[in-house]
Amino acid sequence: MDYTYYPGCSLESAHKSYSDSVKKVFKHLDCNLIELEDWNCCGATAYMGVKETLSFAISARNLALAEKHKRDVIAPCSACYTVLSKTNRYLKQLPDFHQKVNECLKEAGLQYNLTASVRHPLDVLINDIGLDKIKEKCVRSLKGLKIANYYGCQLVRPERGFDDREVPMTMDNLFEACGAENVYYPFKVKCCGGMLMTTYEDIALKLSKEIIASAVENKADCIVTTCPLCQMNLEAYQDLINKHYNTNYDMPVFFFTQVLGMAFGFDEKELGIDTLLTKGIKLNGLTTIHN
Amino acid sequence: MKTESVQLPGKLSKREEDLRSSFLKQLETIPNSEKIKSCIQCGTCTGSCPVSYAMDISPREIIALFRAGDLETLLNSKSIWICASCYSCQTRCPSLIKVTDIMYALKRLAMEKGIFPKKFPAPALSETFVKVMNNYGRLHEPLLIVRFLLKTTPFKLLNMMPLSLKMAKRKRVAYVPSKIKGLEGFKKIIKKAELMDSPKELLEPQYLKGSVGYSAIAKETVMESKK
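As given, the protein sequences belong to chains A and B, one line each in that order.
Residue numbers 374 to 664, in the working numbering, belong to the letters of the first sequence in order.
Residue numbers 2 to 228, in the working numbering, belong to the letters of the second sequence in order.
If we strip away everything but chain A, and leave its shape as in the complex, we get:
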């Protein structure tokens, strides 16, 4: 099946490994990801706080470009996914506002007719491809790997999407199918602090610390996430958290496609696992079943 691929800004630079692993995983499952030509930033969480029509108009530009291709849009970054689908939903609910946004788009010769559909790769994996096919395509078993599945905020909220908002299970089911063990993880939808890491560092450090502490407490080998900002806060800032709270955490934080990629037989380099900053990578105990 073909999908339109919307990488988003952070998957172009700091989190290229996420983009690479998404592409690898989908190719392995015989799905074609075609990058949306000339996409622009979705606006993330910062833009909404500045101008209203503007934030919707720039986000709608992407949807207008995407709807021409009549394919579902895949956005791996949780913030992009939420912003794009929120724009889509609100424009459908507010016809006057939709008209206003279209007037803006007209300046660039574009028009958005509300036909695009925004999906997250996790949604596509579970609901389009299905766990049976994923199981079939597994080359390695993830047996022995203890995972703390961290969904964060933007993937499952605000509206009910493809998973529950309080106790999401899609990622748990995915890794269970691959043979991994999902640990009890009450912090799976708690906020990591997001953009506060740059503005109110103390608050974000506290929130991120609690998320890591819960994973450590429940004896997880790694945290697995879908969001580049969460990955950044939980992993790149781990040193700072250790310094701040006098702790000794060394918890790897993977993107879910990196771990799935391991099950599909790709090596660490192909999936960008070597670009992680934490030392304690514990994926070496994996056993090969097919070859």
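Honestly, the hints are just simulated from the structure, not real lab data.
Take these hints with a grain of salt, some might be off.
With the Cβ distance kept under 10 angstroms, some of the chain A side facing chain B (calculated, not the full set) [stated by the list, open to error]:
1. LYS389
2. ASP469
3. ALA586
Taking lysine to aspartate or glutamate and the EDC-like style, the derived pairs with C-alpha atoms no more than 16 angstroms apart in a straight line are [what the hints assert, rightly or not]:
4. LYS167/B x ASP612/A
5. LYS182/B x ASP411/A
6. LYS189/B x GLU476/A
7. LYS172/B x GLU641/A
8. LYS79/B x ASP575/A
9. LYS192/B x GLU476/A
10. LYS172/B x ASP647/A
11. LYS441/A x ASP469/A
12. LYS172/B x GLU385/A
13. LYS182/B x GLU410/A
14. LYS192/B x GLU480/A
15. LYS157/B x GLU574/A
16. LYS182/B x GLU408/A
17. LYS167/B x GLU608/A
18. LYS479/A x GLU185/B
19. LYS172/B x GLU643/A
20. LYS79/B x GLU574/A
21. LYS180/B x ASP375/A
Output of the computed footprint for chain A on chain B, the stretches with three or more beta carbons under 8 angstroms from beta carbons of chain A [claimed, not checked]:
22. 45-58
23. 65-74
24. 78-85
25. 157-170
Glycine is no exception: its CB is placed at the ideal position from the N, C-alpha and C atoms.
Model the placement of chain B on the given structure of chain A, informed by the hints.
Relative to the frame of chain A, chain B by itself:
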């Protein structure tokens, strides 16, 4: 909270009236925003909020202050900028109030009116974000962080060095910002949208007209029931 800034319900200062009509205008881009009237002050939002412990005015109080007609106190608080947009409150509100979206509307109001607490980093971040993005069509994270820190706390740039070096070593820093091809059209969209956002025709949405404070809401309900 300054006592003189708290007006009796139903009576508003000119400044407050102006803030209120601008705010109601912001609410227009939120579907079902009239639900703000049905807040039962249960505090589920505050209880669900992971950052309410650091706020000077809790989410529950924010809605109450709006209804009491005191947006100015609200805009001068840190609370709206501490909101991390995690949507926990919005998901759990039993009255279906879009609390997070209202936080965004308040942020926009503060930016528009230029009212925020002193020494404040969050609006600067949003502003820098917008500037970087308008030039490239995409966000370049290193540029955003450097510009933001230069503007607010330059000494922090030194603190950031170890992390930046570590990231660079793992090839996680893109040195050149990527630019979109349709930048000209993109800028035209922004210009048009800004025109729409800025000169505000200060029309109040019909449903909230005149409803200020609890007494006004009560009056309205009585009138509705008489019909």
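Outcome of the hint check:
With a cut of 10 angstroms, the hint placing LYS389/A at the interface with chain B holds, because the nearest CB-to-CB distance is about 7 angstroms. The closest approach between the C-beta of ASP469/A and any C-beta of chain B is roughly 8 angstroms, which is under the 10 angstroms cut-off, so the hint is satisfied. Because the closest C-beta pair between ALA586/A and chain B is about 14 angstroms apart, greater than 10 angstroms, the hint is violated. Distance check on the hinted pair: LYS167/B and ASP612/A sit about 11 angstroms apart at the alpha-carbon level, within 16 angstroms; holds.
The straight-line distance between the Cα atoms of LYS182/B and ASP411/A is roughly 6 angstroms, inside the 16 angstroms bound, and the hint therefore holds. At most 16 angstroms may separate the alpha-carbon atoms for a hinted pair to count; LYS189/B and GLU476/A meet this at roughly 11 angstroms. With a C-alpha separation of about 15 angstroms, the suggested pairing of LYS172/B with GLU641/A holds against the 16 angstroms cut-off. Our distance criterion of 16 angstroms between C-alpha atoms is met by LYS79/B and ASP575/A, whose separation comes to about 14 angstroms.
Distance check on the hinted pair: LYS192/B and GLU476/A sit about 12 angstroms apart at the alpha-carbon level, within 16 angstroms; holds. Our distance criterion of 16 angstroms between C-alpha atoms is met by LYS172/B and ASP647/A, whose separation comes to about 10 angstroms. Restraint check for LYS441/A and ASP469/A: the C-alpha separation of about 23 angstroms exceeds 16 angstroms, so the hint is violated. Between LYS172/B and GLU385/A the CA atoms are separated by roughly 12 angstroms; this keeps the pair inside 16 angstroms, and the hint holds.
At most 16 angstroms may separate the alpha-carbon atoms for a hinted pair to count; LYS182/B and GLU410/A meet this at roughly 9 angstroms. With a CA separation close to 9 angstroms, the supplied pair LYS192/B and GLU480/A stays within the 16 angstroms bound. Taken as a hint, the LYS157/B and GLU574/A pair is honoured in the structure, with Cα atoms around 11 angstroms apart against an allowance of 16 angstroms. Straight-line distance between C-alpha atoms of LYS182/B and GLU408/A comes to about 14 angstroms, which keeps the hinted pair within the 16 angstroms bound.
Between the alpha carbons of LYS167/B and GLU608/A the distance comes to roughly 12 angstroms, so the proposed pair stays at or under 16 angstroms and holds. For a cut-off of 16 angstroms, the pair hint linking LYS479/A to GLU185/B stands: about 13 angstroms separates their Cα positions. Simply put, LYS172/B and GLU643/A have alpha-carbon atoms about 14 angstroms apart, close enough for the 16 angstroms limit, and the pair holds. At most 16 angstroms may separate the alpha-carbon atoms for a hinted pair to count; LYS79/B and GLU574/A meet this at roughly 14 angstroms.
Using a Cα cut-off of 16 angstroms, the hinted pair LYS180/B and ASP375/A is violated, with the two alpha carbons roughly 26 angstroms apart. Restraint check on the segment 45-58 of chain B versus chain A: 3 residues with Cβ-Cβ distances below 8 angstroms, three needed, restraint holds. With a cut-off of 8 angstroms between beta carbons, the segment 65-74 of chain B has 0 residues touching chain A; three or more are needed, and the interface restraint is violated. Under a criterion of three residues with beta carbons nearer than 8 angstroms to beta carbons of chain A, the stated coverage of the segment 78-85 of chain B is upheld, 3 such residues being counted.
Three residues within the 8 angstroms Cβ limit are the bar, and the segment 157-170 of chain B against chain A gives 4, so the coverage statement holds.
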